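In the order they appear, the protein sequences are chains A and B. Using our numbering, read the first sequence as starting at 1 and increasing by one per residue. Using our numbering, read the second sequence as starting at 1001 and increasing by one per residue.
If you're looking for bench data, these hints aren't it; they were derived computationally from the structure. Just so you know, not all the hints are guaranteed correct.
What the hints assert, rightly or not - Label pairs and their in silico Cβ distance ranges: (1) Q1190/B x V23/A: 46 to 52 Å; (2) Q1157/B x A16/A: 37 to 43 Å; (3) R1156/B x G9/A: 50 to 56 Å; (4) G1237/B x V23/A: 44 to 50 Å; (5) G9/A x R1242/B: 58 to 64 Å; (6) A16/A x Q1052/B: 16 to 22 Å; (7) N52/A x I1168/B: 46 to 52 Å; (8) S1203/B x D44/A: 17 to 23 Å; (9) A16/A x Y1051/B: 49 to 55 Å; (10) A16/A x V1045/B: 14 to 20 Å.
Said to hold, decoys possible - Computed from the model, here is a short list of chain A residues facing chain B with C-beta under 8 Å: (11) M1; (12) M7; (13) Y13; (14) Q35; (15) L47.
Just so you know, these numbers come straight off a predicted model, no measurement behind them. Ideal placement from N, C-alpha and C gives every residue a C-beta, glycine not left out.
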Amino acid sequence: MAEFLHMGGYGAYVWAAYTVFVVVLFADALMPLWQRRNTLREIDARLRRESNRKSTP
Amino acid sequence: MNRLVLWFHKIGSPPTFYRIAGALAPWCFGIAIVLGAVALYGGLVLAPRDYQQGDAYRIIFVHVPCAWMGLFAYGFMAINAFIALVWRIKLSEILAMASAPIGAAFTFITLVTGSLWGKPMWGTWWTWDARLTSELVLLFLYLGVIGLYHAIEDARQAARAAAFLALIGVVNLPIVHYSVVWWNTLHQGQTVSLMGQSKISSSMLWPLLTMAFATHVYFFASLLARSRAALLALESGKEWVRGIAQAREAHAHG
């Protein structure tokens, strides 16, 4: 296991590269979820404002 | 109208696309993760050590697929940008703009992992040679497209302006690809070739190709998810989007 992590002396470079790969793509995958939630919240708030305006004469 | 155009109009209608994309995206994400895990295992554990570069060469299994994806995403963006400009199809605008951040992410990974590979092999993090410089230009083109898209208030006008910039940037694609042939660069020549013999053993080739496949599937997963989010924002006044928002609200409070 230690030898595997060591990567023949290049461990820092190899693991850093793989970490960047995973972290960046993970962030990329989360972004649309977050965007979608924000948009739906905004629409929700707007719909609620509209219905409030209608119910108070 | 011929059948293909009709089909495209049906798929391209926002509510239909939103629904289909919503059904496909989780599968794409799942397949990409499984394939990616298999490729990582093959590349990090099963593939033998390189006789020249030792274990440092293992960076190839993320570096090269991401570099391919940087070019692929740009090509995809440019084709959709062209369709958006000529036929003004809303879905093409969305697809073009959704592929920009994914391509930028892949290009960013390519540059960083390349730098991490260059330091132990060449003794430097960065050098202004043709391949590295044109790849950096590719990242800036992506950032330019994203920046322009967000700088203009009207989303559809913004998409058309950004699509135009994306089309101009296409000239950079052959420069990136052929830079290692046209110029004498520090960057090594291509290892894998579609036509002709690849200069790599099969025990190293299969994890590389598996990862390439995984990143392609990932691209479409992220593309579908981003397009859905963008469609909701663009069509927020429309009835079908209100329906989705209300159903979500009812679900949250019900």
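Verification of the hints:
Between Q1190/B and V23/A the C-beta distance comes to about 27 Å, which lies outside the given range of 46 to 52 Å. Separation of Q1157/B from A16/A is about 41 Å and conforms to the stated range, judged on CB atoms against 37 to 43 Å. Between R1156/B and G9/A, the C-beta spacing of about 54 Å keeps the proposed range 50 to 56 Å intact. The hinted range of 44 to 50 Å is not satisfied by G1237/B and V23/A, whose Cβ atoms lie roughly 36 Å apart.
Against the hinted window of 58 to 64 Å, the Cβ-Cβ separation of G9/A and R1242/B comes to about 60 Å, which satisfies the hint. Separation of A16/A from Q1052/B is about 21 Å and conforms to the stated range, judged on CB atoms against 16 to 22 Å. A C-beta distance of roughly 48 Å is found between N52/A and I1168/B, which places it inside the suggested range of 46 to 52 Å. In this structure the hint that S1203/B and D44/A lie 17 to 23 Å apart at CB is violated, the actual value being about 54 Å.
Checking the proposed 49 to 55 Å range against A16/A and Y1051/B shows it is violated: the Cβ atoms sit about 23 Å from each other. At roughly 18 Å, the beta carbons of A16/A and V1045/B sit within the given window of 14 to 20 Å. Taken as an interface hint, M1/A does not check out: its beta carbon lies about 11 Å from the nearest beta carbon of chain B, beyond 8 Å. At a threshold of 8 Å, the smallest CB-CB gap from M7/A to chain B is about 4 Å, leaving the interface hint in force.
This hint holds: Y13/A has a C-beta 5 Å from the nearest C-beta of chain B, less than the 8 Å allowed. Interface hint status for Q35/A: upheld, as the beta-carbon distance to the closest one in chain B is roughly 4 Å, under 8 Å. Interface hint at L47/A: satisfied, since its Cβ lies 6 Å from the closest Cβ of chain B, which is below the 8 Å cut-off.
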